[in-house]
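Sequences listed follow chains A and B, in order.
Count along the first sequence from 1, then add 4; that gives the number in this note's numbering.
Count along the second sequence from 1, then add 4; that gives the number in this note's numbering.
Worth flagging that the hints you see were computed from the coordinates, not collected in a lab.
Since we're looking at a predicted model, the values are computed, not measured.
Watch out, some of these pointers could steer you wrong.
[As the list claims (entries may be wrong)] Think about it this way: if two alpha-carbon atoms lie no more than 30 Å apart in a straight line, the pair counts; the simulated DSS-like pairs of lysine-lysine are:
#1 A:161 to B:95
#2 B:6 to A:119
#3 B:176 to A:65
#4 A:119 to B:47
#5 A:65 to B:6
#6 A:85 to B:82
#7 B:6 to B:162
#8 A:88 to B:161
#9 A:202 to A:6
#10 B:47 to A:65
#11 A:88 to B:119
#12 A:47 to B:68
2 protein chains.
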Amino acid sequence: MKELNSSLVLLSGGLDSATCLYLAKKNSKKVFAISFDYSQRHKVELKKAKLLSKKLNIEHKIIKLQTGIFQNSSLTDKKIKVPKNFSSKEKIPNTYVPGRNILFLSFATSFAESKHIENIFIGVNVLDYSGYPDCRPEFIQSFQDMISIGTKSGEEKKTILIKTPLVDFSKKEIILLAKKLNVPFSLTHSCYDPIGNKPCNVCDSCLLRKKGFDEAGILDE
Amino acid sequence: MKELNSSLVLLSGGLDSATCLYLAKKNSKKVFAISFDYSQRHKVELKKAKLLSKKLNIEHKIIKLQTGIFQNSSLTDKKIKVPKNFSSKEKIPNTYVPGRNILFLSFATSFAESKHIENIFIGVNVLDYSGYPDCRPEFIQSFQDMISIGTKSGEEKKTILIKTPLVDFSKKEIILLAKKLNVPFSLTHSCYDPIGNKPCNVCDSCLLRKKGFDEAGILDE
Numbered sequence: 005m006k007e008l009n010s011s012l013v014l015l016s017g018g019l020d021s022a023t024c025l026y027l028a029k030k031n032s033k034k035v036f037a038i039s040f041d042y043s044q045r046h047k048v049e050l051k052k053a054k055l056l057s058k059k060l061n062i063e064h065k066i067i068k069l070q071t072g073i074f075q076n077s078s079l080t081d082k083k084i085k086v087p088k089n090f091s092s093k094e095k096i097p098n099t100y101v102p103g104r105n106i107l108f109l110s111f112a113t114s115f116a117e118s119k120h121i122e123n124i125f126i127g128v129n130v131l132d133y134s135g136y137p138d139c140r141p142e143f144i145q146s147f148q149d150m151i152s153i154g155t156k157s158g159e160e161k162k163t164i165l166i167k168t169p170l171v172d173f174s175k176k177e178i179i180l181l182a183k184k185l186n187v188p189f190s191l192t193h194s195c196y197d198p199i200g201n202k203p204c205n206v207c208d209s210c211l212l213r214k215k216g217f218d219e220a221g222i223l224d225e
Numbered sequence: 005m006k007e008l009n010s011s012l013v014l015l016s017g018g019l020d021s022a023t024c025l026y027l028a029k030k031n032s033k034k035v036f037a038i039s040f041d042y043s044q045r046h047k048v049e050l051k052k053a054k055l056l057s058k059k060l061n062i063e064h065k066i067i068k069l070q071t072g073i074f075q076n077s078s079l080t081d082k083k084i085k086v087p088k089n090f091s092s093k094e095k096i097p098n099t100y101v102p103g104r105n106i107l108f109l110s111f112a113t114s115f116a117e118s119k120h121i122e123n124i125f126i127g128v129n130v131l132d133y134s135g136y137p138d139c140r141p142e143f144i145q146s147f148q149d150m151i152s153i154g155t156k157s158g159e160e161k162k163t164i165l166i167k168t169p170l171v172d173f174s175k176k177e178i179i180l181l182a183k184k185l186n187v188p189f190s191l192t193h194s195c196y197d198p199i200g201n202k203p204c205n206v207c208d209s210c211l212l213r214k215k216g217f218d219e220a221g222i223l224d225e
């Protein structure tokens, strides 16, 4: 990757965004990170995001969203059960959060444009994802097109660039890359439905993580 | 306008969004409104937004954003002076707020998708605006395209529709329409740089408002 001046990382605290954080750090002169507290069931991920940023000495901001913005998702409504063992029959499971990546990327756009940050990293990947429409390359491209038209930086031909370095990676490949970058796996969290702070080991996100580590032949520790 | 089932209005408390609110109310079975507290210099507009919603008996939510999201704008930074008497020499004046409509429309998208609201009204207009890239029809179209690709409702061919009924209206035409709809002008606020709660009468927004009322031959009261 060509060296970048400044990058903002959307950091959930999961494996993919942590890998993005390490990639951005390796390839940028200056890195910022933002995370979102949206009353998610797996809020423990924010602690990991904080620890990861601290470890790399990166300026990190947690943006707190009022409850009620995201509804009708098992990740924000405890009355809706998180599917276990890939039991969801729907193309888009109920862990989908309405417009989440659109909103997060929009915050990142405002923040980046305010601070003249040139790049935004987001850890979406198309292979081992759960069918979310806001993780696909065609969505990212359309978001990129939209901010090129709808921002001052776009108007001035200095459009903020959305970087998705993991978009074509399988979970196995992400883990191998993370290993190479020395991402501390224990400082990442994937589970949608943790019991206390521990992963449930049976939600889609836990299973995808396990499969990835198995295929990579690496211990998740 | 064909009758709509449900509409969400982005309500700043200004003349244009108030007119949108009345239009949405007239043409929709159910209407919601959202406003944003982004530590704007003209926060008094939120009081008007509240009064307008109350008058029409519309469910209204004010979303408070953490300070520091929007920087480098005279509307959020009191150290930057609001231009007076169209004095700005820049194509996009410093009253531009980085990514504001992108962020507001994204909130509206998440909120609408969560509540199964079918339409989002935004009062952008291209003729009498201040050169903001996020008020142009091509921006709205690209935002529409982006949410068609990036949401579950889009995937299911029930995309939320962004409505811009004022997009080709001059300020004069908006005022004439507002008059017809009985929008209470005194419950709207336009000034970027109010003195106390009173308009300054010399910022671009005040001047555009005055010009519109003069051309419409209507008193602003």
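Status of each hint after checking the structure:
no.: 1; hint: A:161 to B:95; result: holds, 14 Å
no.: 2; hint: B:6 to A:119; result: violated, 43 Å
no.: 3; hint: B:176 to A:65; result: violated, 43 Å
no.: 4; hint: A:119 to B:47; result: holds, 23 Å
no.: 5; hint: A:65 to B:6; result: violated, 44 Å
no.: 6; hint: A:85 to B:82; result: violated, 47 Å
no.: 7; hint: B:6 to B:162; result: holds, 17 Å
no.: 8; hint: A:88 to B:161; result: holds, 28 Å
no.: 9; hint: A:202 to A:6; result: violated, 38 Å
no.: 10; hint: B:47 to A:65; result: holds, 24 Å
no.: 11; hint: A:88 to B:119; result: holds, 25 Å
no.: 12; hint: A:47 to B:68; result: holds, 21 Å
In terms of the numbered hints stated before, the structure departs from hints 2, 3, 5, 6 and 9, listed from lowest to highest.
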